[in-house]
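Trainee: Start from the sequences, fold in the hints, and give me the full structure.
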Amino acid sequence: MLAEEWLERTQPGYQELSDGERSAVAGFSIVWSVFEARALATNANANAIVRFVDQNEQNFRSAEPFANALLHFRQRYVSDGGTNHKFQRLNFRRNDRRELVEAVLLEDDVVPGEIAKALLIIAFRLRNNLFHGIKWAYEMRDQQRNFEHATIVLTRILDFNAA
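Just so we're aligned, residue 1 is where the sequence shown starts under full-length UniProt numbering, counting upward by one.
Take these hints with a grain of salt, some might be off.
The list that follows gives simulated cross-link-like pairs (lysine to any residue, SDA-like), each with its CA atoms no further than 20 Å apart [what the hints assert, rightly or not]:
id : residue 1 : residue 2
1  : Lys86     : Glu107
2  : Lys86     : Ala103
3  : Lys86     : Arg127
In short, the hints are calculated from the structure, not lab data.
Mentor: In structure tokens form, the structure reads like this:
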């Protein structure tokens, strides 16, 4: 495989990634592309995510399908009653609805639609950090479960909103 060979040869840390880590990143990349095309009309941003969930609110009446992902991201991004340094590394931009994500992670907002928005925005930040090279700054360490949970969120939302 050309991509695998090139990455192993040229990118620090890539050889050390397990097959599971590589698979999680590849799967997330492909599923994100499908999600962005089908749900966001190929124009991903936090406002588009919020609009998508609001327009399909009837499909977000329960947060149960996202419980494991929500638990994972709360355990990862919350410490001592507040968001932590890992949350800061999501690198939210001005219009990325950081406050919405924080409210959900800190359990200030437990409305299913708001949970879906927050989890999708986390997936969006993971996508931006991956596609814009930020994840390579620390050689993709400790990312497999992030990408696996983000992929589960994306696929469940796509399944719930299939046309």
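Trainee: It remains to establish, for every hint, whether it holds in the given structure.
Mentor: Cross-check of the supplied hints:
Restraint check for Lys86 and Glu107: satisfied, since their Cα atoms lie roughly 18 Å apart, inside the 20 Å limit. This hinted pair checks out: Lys86 and Ala103 have alpha carbons roughly 16 Å apart, not beyond 20 Å. Pair hint Lys86 plus Arg127 holds up; C-alpha atoms about 15 Å apart against a cutoff of 20 Å.
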